[in-house]
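Go by the hints and put chain B onto chain A.
Here is how the chains run, residue by residue.
Protein chains: 2
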Amino acid sequence: MLESWGIRAMKNMTQTVDPTFASVGTSTRRLDAPDKLTGRTRYAGDLPFAGLLHARLVLSPYAHARITAMNIEPALALPGVVAVYTSQTLGIVSDDRTSRSQTPLAIDEVFWCGHPVAIVLAETPEEAEDGAAAVDVDYEPLPVVVDPIAAMESSSPLARPRTADDASEIAGGGVHAAVSSGPAHVVETTEYSLNVCNKAYKQVGDIEAGLREADVIVEHTYRTRPVHQSYLETQSITVVPTPSGHQMTVWPSTQGMFSVRADIAEALDLADRQIRVESLPIGGAFGGKFGLIEPLAAAAAYQIRKPVRLVLTRQEDLLAGNPAPQTIITLKLGAKRDGTLVAMQGKAIFDTGAYAGASPDLGLTLLASSYRCPHIDLRGYEVLTNKVGVGAYRAPNAPQATFALESTVAELCIELGIDPLVFRKQNALRGGDPTNTSRTPQYPALGLIECLEKIEHHPLWQQRSSLDAVPATYKDWKIGTGIAAGGWPGGLETAAAACRLEKDGTLTVVIGTVDLTGSDTSMALLAAEGLGLSSSLITVAHDSTDTMPYSGGTGGSKTVYSMGPAVLDAARDARAQILSVASELLEAAVEDLEIEKNEVVVRGVPGKSLSLKKIAAASMRFGGRYAPVYGRGRAAVHTNSPMYAVHLAQVAVDPETGEVCVLNYVAAQDVGRAINPAEVEGQIYGGVTQGLGWALLEGFEYDENGQLLTTTLMDYALPHSYDVPTIIPILVEVPSAMGPFGAKGVGEPPVVPVAGAIANAIRDAVGKRVTELPITAERLFTALQH
Amino acid sequence: MLESWGIRAMKNMTQTVDPTFASVGTSTRRLDAPDKLTGRTRYAGDLPFAGLLHARLVLSPYAHARITAMNIEPALALPGVVAVYTSQTLGIVSDDRTSRSQTPLAIDEVFWCGHPVAIVLAETPEEAEDGAAAVDVDYEPLPVVVDPIAAMESSSPLARPRTADDASEIAGGGVHAAVSSGPAHVVETTEYSLNVCNKAYKQVGDIEAGLREADVIVEHTYRTRPVHQSYLETQSITVVPTPSGHQMTVWPSTQGMFSVRADIAEALDLADRQIRVESLPIGGAFGGKFGLIEPLAAAAAYQIRKPVRLVLTRQEDLLAGNPAPQTIITLKLGAKRDGTLVAMQGKAIFDTGAYAGASPDLGLTLLASSYRCPHIDLRGYEVLTNKVGVGAYRAPNAPQATFALESTVAELCIELGIDPLVFRKQNALRGGDPTNTSRTPQYPALGLIECLEKIEHHPLWQQRSSLDAVPATYKDWKIGTGIAAGGWPGGLETAAAACRLEKDGTLTVVIGTVDLTGSDTSMALLAAEGLGLSSSLITVAHDSTDTMPYSGGTGGSKTVYSMGPAVLDAARDARAQILSVASELLEAAVEDLEIEKNEVVVRGVPGKSLSLKKIAAASMRFGGRYAPVYGRGRAAVHTNSPMYAVHLAQVAVDPETGEVCVLNYVAAQDVGRAINPAEVEGQIYGGVTQGLGWALLEGFEYDENGQLLTTTLMDYALPHSYDVPTIIPILVEVPSAMGPFGAKGVGEPPVVPVAGAIANAIRDAVGKRVTELPITAERLFTALQH
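In order, the protein sequence lines correspond to chains A and B.
Here the first sequence is numbered in my numbering, starting from 1216 and rising by one per residue.
Here the second sequence is numbered in my numbering, starting from 1216 and rising by one per residue.
Check the hints yourself; a few may be wrong.
Intra- or inter-copy, both count: the list cannot distinguish identical chains.
Claimed, not checked - Here are the computed lysine to any residue pairs in the SDA-like style, where the Cα-Cα straight-line distance is at most 20 Å: (1) K1828 x D1484; (2) K1521 x D1261; (3) K1812 x A1486; (4) K1718 x Q1489; (5) K1812 x S1242; (6) K1718 x D1484.
These are computed hints drawn from the structure, not numbers from a lab.
In isolation and in its complexed conformation, chain A is listed as follows (with noise of 0.2 Å):
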């Protein structure tokens, strides 16, 4: 119903944002499609070895257990099982107990249910499970510690043995690092357990009188579940050793090829070099693949010296993967009757499971980051129980910050009698504005106000009372709109880059980062722009860490930020050593050149012009005059562009169940440039959907002896097509200073304000607040009865 509005949708794939460029804004097909399409891709799990073994995990039944006797001789003695590890003959020799990576097996002790204690190597993946299951392993169990907030008192039993010598730990860390600093000199008058693994504190101003000085005030918890990344592809990996357990190859399903190697080198003892990780496509990641199970695999793999490959299943994943964290989040927002923000009280609970990594800093960090708020008091917890431990997902932090501070705005709102639209046009955040939590520096360009003004004209808002855009089957529902603005302050990470001319007269553009949705074809139009030629002529390629120019994962909405303008400037090097050729042998200034098409023209005179592939093949032969064209490109970009997005949904609300549906959907959010608009919009549907997860569906649930009880697809419940309305993206372009052309980071922001909006129409349909997620048709039915 929305293309009546005009709306630009799915389908129109092809248009130019600024006339002053050639390929950067033109919605381009991706490379890895075709290759997806036709099945024609292959993952870490396909590869085809001979001598291949499979593995399976001895996952921990207990939530808290010791170890007191392991029996792997049943498991030995079936066909085909050929060996079975234990934390004590894995042969990892990093001991380095805080990281769930380097200490892949349970030592001693079991800390969640499904703590690995054994992996089983077999000729086939079903003996390898029939061998899992032969393990026979001996627990006592241990006080599980499952709910966080009795976690954090001081009588509480503690999810892991730990001294108050190691609270500092992080383990993870992956796109936290960028946002992350030391907290302030807070005192403390309660006394917490250890299990409270690290604090973060964000003061400004005097909390006090902000709260005074506010006419109106309002306060809410809000919870969440853990929320696992579901990527289509569990954790997967191929190691292929040499036989002398000199070398090895690895083929890991990870967003940073250079970090598993570090890795896998770190916890076998072996140099970076002796370690050549392969790049490969992989089926999805949302930042749960940044280091989880290579460590394991590899020693596995190095123990036995044959091939190893280790692809969790579903069960496995969930049950041992590295979801989101749950989250408590208290918040007071006190404001003026003039609608003027004064102050912001909270205290925030991240539950990060049996390792910390879940940056209580950053979820502080997002909650101040949005609005002006002179008077500023967080406080977060950061805090270990008997779950799974936790990782990063898609703008870690940021939907369960975003939802407890977007649905306390409405609430307050509606106190104030403002209109929400316009307390977040007068409240948010503005370039030049100094940073809530430092005072400096000031931020560069932001989007947010621009990104709320077009919600603002857009019809769905406009229109808002009006019921005509309903369908006839939910007239008898009860209709509400939420807007929620959110953001994400990017993340940034040094890259190298190569282009090299190929001697049929294309180009390939080499680059160390695994493509993920799209990142690659990304890259080809920056090149491709750089170049002055079609991107259709790129090819972008991958290798291994043996060589490839560095750059960090793909991950944290940096990778065209920050490792564009690697490529860009390889590209340009490569143009520069392109024209050079071909003005010694067009005879012609290279001010006087263009590259048309595959050719270099001497401008004003038709029919002087040369080929690239002439140019190739007089750079890359026997007896060549010409060096061959190999650009290098060298980025550091070290100051963030945060990236904003204000999203408006409408619901339908049926009163008898409270089962919610979401009629439209409208996302406006800032990226600077759209480097490739088709493949921004991909990202803000994908992003929508899963913020749709969180709002509606998605969510661990254990049983008070920390047993998860959705461990399979059909007790976790992922957002259907059905699910999902026509998503509108209204891509709004405030360009940054850094990015390549001016591009912002696209990935993280799509999800974040989700659940805010989500949360703040199903307000508005039926004047109820939910403020724990996911909003199921239970939770609402019994928030609708009270």
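Same frame as chain A, but now just chain B:
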């Protein structure tokens, strides 16, 4: 016994030739040695793949025949045999019948005994062999052309169907191309058959006048046999196509990865980028692995869509490899009484087997590239016969041409009564001389004179009439000494390279060349010198043709000379980047910085330093301020630096049997600058040993039906350790203006003068000139009877 003369022998491994260099000039252990010595190295035939099929060839037992019928059914009926392909079903689309690699299976006719007619794929090598034996081929024998002189006669049957139109065809090429030039306009009075597929002429001055001017004229005809490269690893390849056939990964035993990619792409009409050629160690090549079986194996794998391995047996490699051509060279030299060479006339016949490619032009160039000579008339003929097609073998055509030239020079000196060393010094080409054949350009600095002087002053030459150094065993044998000079113009190819700083503070050089005879180690030394680091901190890495900087094949004595500069350039670029980061972090000017061991230090400020590891950490991390160190080098050296060697052999001849024992051997060679002296010496040991094979042992023998009689290493005699004396290398360094730090090519010259030096030593010992290689005991015994 030579140690007593104070000559440095093999055991002496480390020395610095020039104190201005830290790495270059220091004998350095080969990077590939540990893996090879401990058996860790894996070759193309070793890689494990699930579902791998083994290929075996059906070879023609006839030297020339028409295929009248072929029945593959008996083979297909055997257990394990999964496919049999013929030229009709192999699926190669290239129709270039002049190229062996592009038409790897016989079409209608077989051209030599050993011509592959079918390829059998089976689950095990044994089943493939049984399958190949079961393929039923009916042949109708055709006239066989064996003797190249008879083949040239206009009445000769043709070795293969030809028309005058394709007379200029050249197959193969490889290292030849660098020195090829078009023939001058010469009128032939003889009519030749179409078996003569290529002619070349070198005519300068007035040969008749030159011969009239000469006081002494000598003329001989010299014959050589086909000689095989005899690499340890036979021609081998593993091809793994994707199941869709859309792409394939290829592990060839090759000297040129990019050329293999191009060959396969051409054969199957695929884009280059669909073929991924992986770098891997190779077990010798010597010019014989510039492309032969790769399209055949790739086509078979492409048809069956499964991994395919083809590893030639030693017999197959002898029957269907690409050995050096048989030659018949008639050479007439004329000199004045004072020893001035004034005339050179010759006719050189190159038996190219069934495929053109022997390059008579190169052969003539080599004849004319040692001595000044005002009147030259050289004619070269490339002749097709029913023998296996030829390929490059270490200094292609040079051992044959130099055997003829240096034998004739020796006879001329005897006739003139002039010391052969004096004669050679008198006539030797020198830097600044014009080339004999084109008069321009002038030669750059040449080391021929310097090498002659080294031999002149060597004790073995000075004391050549003394028998003091002859072991007692040989006291009753005839003792003689001989010298010969020879050279190689050198190949050239453009190249690029990259140099990457690693997180552990080491550096990786990335190149596209295959490591042969320690070339990677030389590259590490060049990079070390450019970086100002110890070479122990440098790794050389290769990956695949998908991403590697372009460079040509390893061969033609061009790797250090014309690819080394790209590596040096990349290293210097990386150094500049390292110093730039250090300059900021140490707050010191770049000019004040030095690299010492593994850190950057501020000159004159003790303790102010920064390790490379820290620079790596600052430039390869989340939020890093500095771009990763990624140096890029490019080079297009396009002028040769010809390289010369002068050899001195002392032999003992048993007059009763004709048996020859080489007692002492001294090889002086101008290497410009010895980058890795141990490795340069290694090349000399190897080249001289191969030359001894040419001189005394090796050669294909055919019967009158074109049947190869030497199809095993029992019949084809390679030098054994007891055939090889201690070889004394003398490194002469007349720097090149182009090569890195003055380096010239090294690999090919050591084989060039050997046969001439041995023949001249035998002549000196027994007074008989043997003009046919190899100088077997039987052949020499026969000569001694006349």
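Against the structure, the hints come out as follows:
1. K1828 x D1484: between (47 Å within a copy, 17 Å between copies)
2. K1521 x D1261: both (17 Å within a copy, 14 Å between copies)
3. K1812 x A1486: The answer is between: 19 Å across copies meets 20 Å, while 45 Å in one copy does not.
4. K1718 x Q1489: between (32 Å within a copy, 13 Å between copies)
5. K1812 x S1242: within (18 Å within a copy, 51 Å between copies)
6. K1718 x D1484: between (42 Å within a copy, 15 Å between copies)
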